[in-house]
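**Student:** Keeping their order, the protein sequence lines are chains A and B.
180 is the number that this note's numbering gives to position 180 of the first sequence; each next residue is one higher, with no gaps.
Here this note's numbering = 1-based position in the second sequence + 255.
Check before you lean on any hint, since a few could be wrong.
Claimed, not checked - For the chain B half of the interface with chain A, some residues (derived, Cβ under 7 Å), not all of them:
# : residue
1 : 266
2 : 350
3 : 361
What the hints assert, rightly or not - A partial selection of chain B residues facing chain A, derived with a Cβ cut-off under 8 Å:
# : residue
4 : 264
5 : 265
6 : 311
7 : 342
8 : 358
Don't read these hints as lab results, they were simulated from the structure.
Quick reminder that beta carbons are idealized off the backbone N, C-alpha and C, glycines included.
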Amino acid sequence: MCQTCGCGDPELVPVEIHERILEGNDRAAAHNRRHFEAAGVLAVNLMGSPGSGKTALLEATAAALAGRRLGAISGDLATDHDARRLGAAGIPSRSITTGTACHLDAELVHRALHDFAWPELDVLFIENVGNLVCPAIYDLGQAANVVALSVTEGEDKPLKYPVMFRTAELVVLTKIDLLPHLDVRTEAIADALARVMPEVRLLPLSAHSGEGIEDWLAWLESRLRTPGDRPGDRTGRAQRKSRSRAAGQAGTLAR
Amino acid sequence: MHEYSIVRALISRVEAEARSHGAVSVQRLQVRIGELAGVEPTLLANAYVLFRQRTICRDAALEIEAVPARWSCPRCDGPIELGAVLHCASCDVPAHLTSGDEILLERIEMEVP
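Using the sequences provided together with the hints, build the complete structure.
**Tutor:** Structure, rendered in structure tokens:
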């Protein structure tokens, strides 16, 4: 009741919150992260445009990486084509069909884990919905954000979609076997990245020819030895910085 | 259009807060959205107007404070311009984002009987 004059009118009360609007998702992501870390599974959130070569990268990974158990959760608006492709490549997979949602969130990932023997894996790839905007905003509980960017997307995609690249730990430049047919320079892509991503790690690769696959596997192995942590988190970034210097991944194109 | 899912999260957070205070209505929400948060303030405002119907926020104004992105050197604190290479040339260290990634619910004004 109004305390000023006792008139009986409701009182206008300001309530200070100062909380992230996606706090609910952050909590679910923290829950997923605890599961992944306890089981010693490296969770990689693989993002990129539709057609950037995310599934092809994973198929090539399965073919080249011996001795590591890989699994995937694959998100698409419709169809389970990606999960089936990955299954055929020897990566046990679950499909999340999001309907109209343009991204995966931590709760969707959590539900997909329920009927999946994921704790036996070394690496769980979470292949996000093809989209360069929305997926970057939702923490899923991953250890690392990886963005697949294909050379056919042009040189300035990082400048146009800075949020996606700012939160990436690694950018895999895919389809480099097509470079001779395109008016696209890797140096220009690296320069665009340097303006949106403080620590550029760009790994050129072709799933088709196999070029660069060894560097990608070396990155995965180095990341398996240094689990935990997540880009976008300021404390985490500082920790990762010192680690990545120590790891000194081969073949990454520095700024 | 993740702005819809952000509005859904916002309204359910406000509903929970209003319930816990026994509020009869909500008059105003204040949020802060960073330039590099990946949320478009105009789309957020449009999504809010659609979703607030039949919720406790139906009469509540949404005030969006846009926060500009600021990069600086973590060592010398020197500013690094938006669009420039995100690296401090004098200290040879990567820049860090000091503001601009906020997606925050700051304040709710509610009527409590």
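**Student:** Looking back at the hints listed earlier, which ones does the structure fail to meet?
**Tutor:** Those not satisfied are hints 1, 6.
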